[in-house]
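4 protein chains.
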Amino acid sequence: MKDTAVLLIDCPDRKGLVARVAGLLYEYGANILHADQHQDHEQGLFFMRVEWSLNGEKSGSGEMPGFDLAGFRKAFAPLAAELAMHWKLSVSTERPRVALFCSQYLHCMADLLHRWRTGELECEIPVIVSNHRAVENLAAFYGVPFEYIENTAAKRAEAEARQLEVLEAKRIDLVVLARYMQVLSPAFVERYPAAIINVHHSFLPAFTGAKPYHAAHARGVKLIGATSHYVTEVLDDGPIIEQDVARISHRDQVEDLVARGRDLERLVLSRAVRWHLSQRILCYSNKTVVFD
Amino acid sequence: MKDTAVLLIDCPDRKGLVARVAGLLYEYGANILHADQHQDHEQGLFFMRVEWSLNGEKSGSGEMPGFDLAGFRKAFAPLAAELAMHWKLSVSTERPRVALFCSQYLHCMADLLHRWRTGELECEIPVIVSNHRAVENLAAFYGVPFEYIENTAAKRAEAEARQLEVLEAKRIDLVVLARYMQVLSPAFVERYPAAIINVHHSFLPAFTGAKPYHAAHARGVKLIGATSHYVTEVLDDGPIIEQDVARISHRDQVEDLVARGRDLERLVLSRAVRWHLSQRILCYSNKTVVFD
Amino acid sequence: MKDTAVLLIDCPDRKGLVARVAGLLYEYGANILHADQHQDHEQGLFFMRVEWSLNGEKSGSGEMPGFDLAGFRKAFAPLAAELAMHWKLSVSTERPRVALFCSQYLHCMADLLHRWRTGELECEIPVIVSNHRAVENLAAFYGVPFEYIENTAAKRAEAEARQLEVLEAKRIDLVVLARYMQVLSPAFVERYPAAIINVHHSFLPAFTGAKPYHAAHARGVKLIGATSHYVTEVLDDGPIIEQDVARISHRDQVEDLVARGRDLERLVLSRAVRWHLSQRILCYSNKTVVFD
Amino acid sequence: MKDTAVLLIDCPDRKGLVARVAGLLYEYGANILHADQHQDHEQGLFFMRVEWSLNGEKSGSGEMPGFDLAGFRKAFAPLAAELAMHWKLSVSTERPRVALFCSQYLHCMADLLHRWRTGELECEIPVIVSNHRAVENLAAFYGVPFEYIENTAAKRAEAEARQLEVLEAKRIDLVVLARYMQVLSPAFVERYPAAIINVHHSFLPAFTGAKPYHAAHARGVKLIGATSHYVTEVLDDGPIIEQDVARISHRDQVEDLVARGRDLERLVLSRAVRWHLSQRILCYSNKTVVFD
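Protein chains in written order, with the numbering used here: chain A, 1012 to 1303; chain B, 1012 to 1303; chain C, 1012 to 1303; chain D, 1012 to 1303.
Treat the hints with caution; some may be incorrect.
[Claimed, not checked] As a list, the in silico DSS-like pairs of lysine-lysine whose alpha-carbon atoms are at most 30 Å apart: (1) D/K1166 to D/K1099; (2) A/K1026 to D/K1085; (3) C/K1166 to B/K1013; (4) A/K1222 to B/K1222; (5) D/K1013 to A/K1099; (6) B/K1166 to B/K1026; (7) A/K1085 to D/K1026; (8) D/K1099 to A/K1026; (9) A/K1026 to D/K1013; (10) C/K1298 to D/K1013; (11) D/K1013 to A/K1013; (12) C/K1026 to B/K1099; (13) B/K1085 to C/K1026; (14) A/K1298 to B/K1222; (15) A/K1222 to B/K1013; (16) B/K1026 to C/K1013; (17) B/K1013 to C/K1013; (18) B/K1085 to B/K1166; (19) D/K1222 to B/K1222; (20) D/K1026 to D/K1099; (21) D/K1298 to C/K1222; (22) B/K1099 to B/K1222; (23) A/K1013 to D/K1026; (24) C/K1026 to B/K1026; (25) B/K1026 to C/K1298; (26) A/K1013 to C/K1013; (27) D/K1099 to B/K1013; (28) C/K1222 to D/K1222.
[Unchecked claim] Where chain B lies over chain A, by a calculated footprint (3+ residues, C-beta under 8 Å): (29) 1156-1169; (30) 1190-1197; (31) 1289-1302.
In short, the hints are calculated from the structure, not lab data.
Idealized CB from N, CA, C, for every residue including glycine.
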């Protein structure tokens, strides 16, 4: 596995952006592995993701020195300032630290943990948080510390205070709500902007709120869906990362929808987490750019 | 092509329904080609579709006489009454008469007409109705009489009166709204219960009303959809017949959504019409049973 | 959960089959929950699945006695003989006994075990068999006895003898090959006709044999697939139960195909097992009828 | 509609390619609308598509002069030579000239012509060629000259000579085989490298050759597919452009597969043609890069 760096940029669109970023990387000898751009012409915005190798290359006389990341960062900062860029530079050696939250349903949790164990999700998982004890054995099996934090609408303030304590102690970068059935307060959400991923068991914006499979059954839809999204202050309204659907028929009762939906939930949530961890997602205007 | 009959039944569920219907058909010597049932256990309802051949079979001494449809109908009526059945008996030789409505966008219309010409839709199409002249050449190419009926919100009453006149004169069984952009009045809808099929360019119940592709783009969904449904009094709320979706990305602008959506609209509308014509759809509780 | 019985039938097609089966069930007072039929007109074959309740119903004066299964079986046997039926009568209280086989890749295994634990797969799993020790911890976590049986092409006879011993000792009804990477001998396959389910990581019949993702990458396909099927003597050629596909692009390398393929493999294998366990599958002419 | 230019490049991968191309475009003042790159690390190849506006921009003192295309071309040529690039520079004002070929089945032809009429396919269609007269009326309706050229295996040489005459007289850039049921000779194919698009009615590489729906039915697959690809000397073996699939069941007979397949064929062929016309496709190693 090579060590790589990823630069994510968004800024007002103008001529020469690709030339200037690519030019600076070339100057520093970067061996670009992937580069992708996007422009929102309506809003005049530019987005870019570029990934390059940090390792030196082998030559006749031995290995070349690796990429000078500190130097590049120093040279890039004034360019970014001049062009009014938001930017984020990540390196693959610093694995993001992820907290997994769940309640009593464990299908997404079991799926994420298995993917993590087999190397599909490149991150640390220093803690699992739940308001149920159902996940305790699973956490133990995967060797992840488990924090039981009681939570109800009435106790939310207290529970969130304890949760935030844990997240800070564990230096968490990303919170994943793997069918966590409690609403987060705006204050909590504000602490982790574009860093809390939730899975909602419907094809948003259809069937927001509670019991979406019941609502889908009542409406008689022919496809059910699931959606992974960043959490914002407004319930089920944050930037959508991924969606998928499955065909159903008149034969399917609510419990069949629930069962099929579990497969969709696993897929859309695990994809969202993987894309976030590989620095593929940019948010703007309550939407996402997902570089593939 | 064999001549066939289709019997569609819905009634309160009780023991022995399949046995009694199948028994009577057996008594009359029916050669059953397809039979399908469905039960809604929650609501205690039973649904059945059975299709059989009307032609006599070849034996050593020549062809047997065909199925005695009149006799069967007479024998079935009291059974149906006893069991509180709604039922409909159709024969393939009596092709349903379909009116196609459209406005300025012709992709669904061109698609339906081509499918009809090649035998995929087994019906008569005695008339195309539009509030635009755009469809006139296409109608002429396929040899279908065209009725231009001006329509706007202001003139709706007058326009609908004329439309109903045409539909009656042509003895229409099914009205297909192939991207017809005018709202129908409750009075009009009432005249054709479960006999007006519309295509809506979103994944209902998301994005009802006007400009669904704009709404989908604004919300940042990752899949767009289209829905065919029976028209009821409430806009975009009737029983859903078919839905399909296509994946989009941040690169897709509204006009890309519109273009991709056209393919979805063609597919879900043509499937709905085909299933309706082959007597595969039953409506209840604002939903559909679609026998496959 | 109600106790139910399922009757699966295949036989030469003739008039009155539905009437006679439904009639006999009616006579015995069966409360039919689902009934489905299929006819292969080309081959003149008839297939039927019917499911009914075994519990008595509540009436004014208490609960009625349950369905007389022994009596029905006795009455049905001569009818079945007369009509040259193959048939199978299963009851939900007798849960099938399933052996899971795997090698070093555990994604399907972990998925099946989690589904089993949460009640999605209604069966017993008395044993996990593997030629690797990788699965041992997972088996222990789910409390399933693990049998390590060394296997290679050279040792196949010996290994299979031991495997068959285990399967018999555990009274196994169904063998599931959850990415088991050894070929089974014809003799082994013959012992479990239509009772060994395999998952192949391609869209069969494309890319049979080893390394299908490499082959798919080399051919430049735009969709990859996975297939679950019953195992027959001919490699990757048995009756297909389920298939699914995922879209890929030129950006995807072989390892991306492998990663996406894992999701497809989990889905098609778990569906196949679930359908088999709920008695939904009939095999004929190297194909399957899957009643939904 | 803006006038745009598209530059397609493939070359050996090396550092600085993006920087140098983007740098030159910046120097000439290009307003880049879309840019996309791809690297095949295994084969050490680099691919790029970049699209920019040719129109001048409005400023305070009137419109700026447009992009200096001739100057850019002159400056780019030596750079391309130095970097061993294959490249193609296209402008949207020079619409490609497309010949459509078909035999007796017209669903793809009708679909392509309707899409062309409504502006979805940006090209000229100076001729329709067929070995059947079935398409004649349709060609007339859309105002496209029709050439009837008799063809059979026996007469192929003569037929192809006549076809090539027509293609040259009409200055054809792209040949689209819209269910054209005759095999092309290697000599014919050689004249239009990566410029003949065919649709095959299966999920390649499964079911090459004649009657793929029959083969799919016989094998009992659960999904059918269609594939659009560039034609090469080897039948059904050229670089795949697009594929799609549809779910089928045991209920579907060959004629149902044929009917559903028509929808797939229309979709995959029209997408391939649209992508080719918008200069999104590069071929290498018998595969395609399709920039989205």
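Check each numbered hint from earlier against the structure, then list the numbers of those it violates in ascending order. Of the numbered hints, 1, 3, 5, 6, 10, 11, 15, 17, 18, 19, 22, 25, 26, 27, 29, 30 do not hold.
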